[in-house]
Structures are given as structure tokens and as C-alpha cells.
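K.L.:
Please arrange chain P on chain V, whose structure you already have, making use of the hints.
These protein sequence lines map, in sequence, to chains V and P. Oh and the first sequence: position 292 is 292 in my numbering, straight run, nothing missing. Oh and the second sequence: position 114 is 114 in my numbering, straight run, nothing missing.
Hints are supplied without guarantee of correctness; some may be wrong.
What the hints assert, rightly or not - From chain P, some residues computed to sit far from chain V (all C-beta separations above 10 angstroms):
1. P32
2. D130
3. A214
4. K234
Claimed, not checked - Which residues of chain P face chain V? A few of them, derived with a C-beta cut under 7 angstroms, are:
5. L84
6. Q107
7. S108
As the list claims (entries may be wrong) - Only part of the chain P face toward chain V is listed, based on derived beta-carbon distances under 7 angstroms:
8. H34
9. L41
10. T45
11. P80
Please keep in mind that the hints were generated in silico from the structure rather than gathered at the bench. Glycine residues also receive a C-beta, built at the ideal position from the N, C-alpha and C atoms.
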Amino acid sequence: MRRLNPAHPKTILHFLSKNILRGSGGAQPPASLRTLDIFQNAVIWCIMHIDTDIAIVGGGPNGMTLALALQRCGLNSVIVDQLALSTQSAPEFDGRGYALSLTSVRLLKALGLWAEVQDAAQPMLGIRVSDGRIDTGPSPFAMEFDHAEIEEGPMGHMLEDRQLRPALIKAVRDSNSITYLEKTTVLTQDVSAGAVDLTTDTGTTVSARLLIGADGRRSQVAQRAGIRKTGWSYDQTALVCAVQHDLPHNGIAHQYFLPSGPLAILPLPENRSSIVWTETTKNARAIMALNEADYLDVIRPRFGEFLGKISLVGHRYSYPLDITIASEFVQPRLALIGDAAHGVHPIAGQGLNAGYKDIAALAHVLEDAKMRGEDIGALNTLSRYQEWRRFDVQTLGFATDTFNKIFSNDRPLLRMGRDLGLGLVNKMPALRRAFIREAAGLSGDLPRLMQ
Amino acid sequence: MQPSVNTIDPNEVAKFEAMAAEWWDPHGKFKPLHMLNPCRLDYITQQIAEEFDRDLASDRPFQGLRILDIGCGGGLLCEPMARLGATVVGVDAAERNIPVAQAHAAQSGLEIDYRFGTAEAMAAEGEQFDVVLNMEVVEHVADPLGYLTACQQLLKTGGLMICSTINRNPKSFAMAIIGAEYVMRWLPKGTHEWSKFITPDELYDLIERAGLRAVDRKGFVFNPITWQWKISHKDLSVNYVTSSLKP
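Excised from the complex, chain V in its bound form (with noise of 0.2 angstroms):
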């Protein structure tokens, strides 16, 4: 990987004498090089411009996971991003975990970094729904999932955000074809019938043959482009946090509906879980106000005893709901993915795994149209990639409202209506099955990446 830190003279200078001037692939030499005089020391400011072919706007796990899956088909990329590369990782658990569903699973072991990462990750034996009240416990209906049920092995695991990052940030220093801008912000973005170009505050200029907003929800890149969203949000936070439990988890997830809204708990590695919970904004900002202490005590009614005593470990984490979809996910010479695309709500641990849904197929389309001699940034390219994930999405994006409003619900009636339909589902293998499948990724056309 190139690193740039355009705030320190020195880098741009082992930059430019191990890279642009022995004229390694990729980067062009820089327009132009002054010199300054700054307190008598002598300092290079650089303005540099890079031609490549993808730029991707947003250095993430999704933003880093695409460039390594170009990569594989022979296409350069470079990665801005605002923050710093350092930053990124933290050695310490901080209680942030990703359920990768078994098709993202697919996809890391196709990047040759499934194994960088498996020993640390929990596999997913089992699920459990169930619905519960808080002051009763779970419903004597619940749908039970066994792993044993699918044929391609655990539904899925739990990987910590600690143990994942630090994996694509090796990957993509390793890399020859992936330059990572850091501390950089993107100022303009101009699509011309060949390129798409981008200025940045720190005077970098990139020329691409495409464009990707990786940058999340409020992307700019989105915004830039003029392509509006449309979603809406709900009353409702959700509430993350991972706990330490005495009574070992066997690797069995749990998803409980109460009243006030959905409480999964995922198994870590170890003794320890993540916790995902919701309720309405108004609550949520008291329990987040909460000592560590207090904040226990509202969990462990919700949570039950069957894992022993638990404690905190990590940050907690509040994000408030709402689904965003984008109108369009391409346009000429640039595409969205991951949650500048869709965004919705981390209910069911999907949103890593939808990211990786749209890498997979977004790297499938541009291979084939690469080995075909398409224009990788044409609109009639990037439509494949479209009409590929909208659907799924929107599907995924509506599944997932209806299921939280039928769910996030204290009627009676209601109550009794989804305490038949979970026992119903649990009585039809069948059916219990396709719930697994759709639960570990493999139901809908699966990308090369993925299969």
C-alpha cells in the first residue's frame, strides 16, 4: 500500500523517492512540486494528482474490503478518507462486533483474509427467537435455528471490530494497486464523459475511471452527485454493548422481541456477548446517561440469567433508527455502497453484511466488464449492479420495518398472532429452513465472491 500524510513533509518525500520517482505502477508523477522556506527549515509541499481506476471515497471496512476485491481483477484503486489510518484500529476491545453472515464469511475467505481473522471468530451454532416480556421472560413458542439444519456449516459468526480492522488495514499496505489517502477530504467531485476527477483540501488531485461513495449514511459523495434518500426513522435507539458472562454462550445467538422493541445477544469469543437492543429515544438517551452500574441494572432483566453474572466490557454505543435508501445507487461514473446506498438499522446484524453483499456484486459486474472491454464506469456497466442489490435491498430494508412493527408491540392480539407464528414457523421444517438460509446470506443470485 502507498500511505500519504500530505500534513508531513517526510512522508511525501520517502513517497515520492520510493514510488513516483522509480516510477512504480499507478501513480502518476506529481503536476507539480514547489519549494517553501518555512523557519529556515526547507519544506517540499507537494501537489500531487493520481490517475487510477476506482477511487472510493470512505476507508472503512467496506471502502477497504472493495478496493482488496478490485484488487483480485486487476483494478487499481485509491482510498480517501477524512480520518487518520491510526485511528482506525485500537488494540482494545471497545465492544463494537459484527454477525457476518455466511456469504461475507465467503467473501473474506475468497480475499485470502478469512484466515487472518477465523481464530478469533465465534462461530454461530444456533439461534433462538423468542418473544418475550421483560418482567415474565421469554415465551414458551420460540423458533429454535440449528446450524445442523443447513449444510454449509455454522449460520455464521461473530467477528469483533478490533480483530476485522486491523486484518484489511494489513492487506491493504500490502497491496501494490491500492493507495490510501489519509486525512484527507474530498472537496469536489466532476464527472466528464471519461473520467471522474476530485479535488481535496489537501490539494491531491485524483482522476478515476470511477467513482464509489463508501462514506456512510450522510455520504457526500451522494450528496454531490445530487441523489436524494428516501427512508424514514422511528422514535427508537438502538442500544449496543458487550457484556462478560460467568456461564459459557455454546455459541447460540438470541433475539428476543419485547414491547419496546428487538434484544439480541451474539456470542463472542470467550465468556463474553454483544448485546443489541432497542427502545424508544426518549429512554434510550436516560440509559445511555446511566453509570456503568445502573446501566446493569437495566440490562439483566432483559437479559435473563441463564449466562450467569455479567459486567460490562467495552464502550457502549447508541444509534438511532431509521431506514435510508438512496434514490439512485449509480449514476455515470459512480456508485454507492454499504450504507451511503442503504442504511438500515442494525436489527438483525445485517448491515456489515449487506455492504458485503453490494462488494461482491459490485466487483463481479466491473470483472466481467473489465475482461469484456466495457467501460467499467458507464452507466449501462454499473446498471447491472443496480438491478442487482435494489431489489434485495429494498426487500431487506421492508422485511426488516415489518418485522420491528409487529414485533415492537404490547397488543394482545398481536401478541398472541406472532406467538402462533413463531410456534408455526418452529413446526415447519421447511420454512424454519428457508429463515435459516435468508439468515446466513444464501437465499437470492449469489456474486462469484460469495458462492
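P.N.:
Using the frame of chain V, we list chain P on its own:
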């Protein structure tokens, strides 16, 4: 005549760029061609890669190959071939297409030699190519055998011709003329003349008589449910494609 975008006046260039935009608009007038194009390119690239032992996953795999596209239109096949590294000549009998294709190639940053003319005239000039692309042309010409003979003359020994056209049977009549021209309005009415359509066996016979050796044939099949074209090994009932070599 070889007009170049560099020597004509800017108003003309703007007009040609607008026309190029029309050629290249996936939802515009040439939508059916854009829909078929990935399928055609899959076949073409795989055949060339196999014949000349090239790896499509590598960078510019067609480097060193000289390719002629007959009936190049706006450059829908020429540009991909150039992007894959080939030296490309596009020829079209419609003079107005040439500056349009040139304008788009310039926008795409590709170097392509576009010429107004015919296969017969180029053959008479003694031009030679590794590959001749002869896609959706043979059903429009007055003398198919004379035309295919010119294609043969344009090939170097061991060269490859890829030729696609439309079969002649009630189904192709329904699909290509009634379906594409009248019902879907994908193509202007009168684009095709059904009596000129050629069956695969007739085409094989013409190719052999023109002095080429036919080596492969496949169907291009439209699936109305997925709304996509696919290569078929068996179904040559409407659109089909052949590969032949110059011995």
C-alpha cells in the same frame, strides 16, 4: 474519405458528440444492441482468447492483434476491443457514423481507426487482419457470398472471423420483425427483411464456399423473465453466431 474530429469545426463536433451520446445511451434508440452487447462480447472475447491463446484476466490481453469491425456504427464493439489492447479498425458504409464514433472514442481516450467504406473495398486495397468481426451485417447485404469472400480476403492465414446473424423460420419472423420492430419498437420498422435471413446450415455452406473453415456456432437467446441475453449451445432458432478460421 477520412474525416477527423480534429479538422472539423466545433459545431460539427458538438453535433457528433450528441449523436454519439445517442448511440451510447443504454436506454435510447440502440437499447436492443446494448442489451445484446455483453453477450456478444462474451462470445467474441472468449473465441479470440482461445484462438490466439490469450488470458482475459491479464492486462490488455489482445495487444498485438489487428481487429476489423465491419458495420462498426457508434463503436460499440470497437471500443471494447481497443480497451483490451487490440489495434482496431472500424468500417461503416454509413458515412455519418464515422465522426460520431470518432467523437466517442476521443471522449473515451481510445485510439481507433474509423473509416467510411465497405469490406469489399478494403479487401481490394489488400488490408489484412487477425480477426474480422462481422456482426449483424450479413442479413443486410445484397450478395452474401461475395461479401463473405471479401471477409475471407481480409483475414491473415489462421485468422478468425466471427459472424452473427438471424435465423430464418417462423419464430425468428415473430421475434425479430413483429416483436422487435412492431411490438417492442426496439428497432425502426423495415430494419430487417425476413427473406434475407439465413439459416445456420446455409451460413455454414456460404462460409465454406468463401474459403473459410467453420469451427463453432452458438445461439444468442433472450430470456424475457431475467430480461437478459445468454449464450446457448443448443438454441440457434433466432439469433446465432459462428466462428470460422482461414486455413
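K.L.:
Which of the listed hints are not met by the structure?
P.N.:
none
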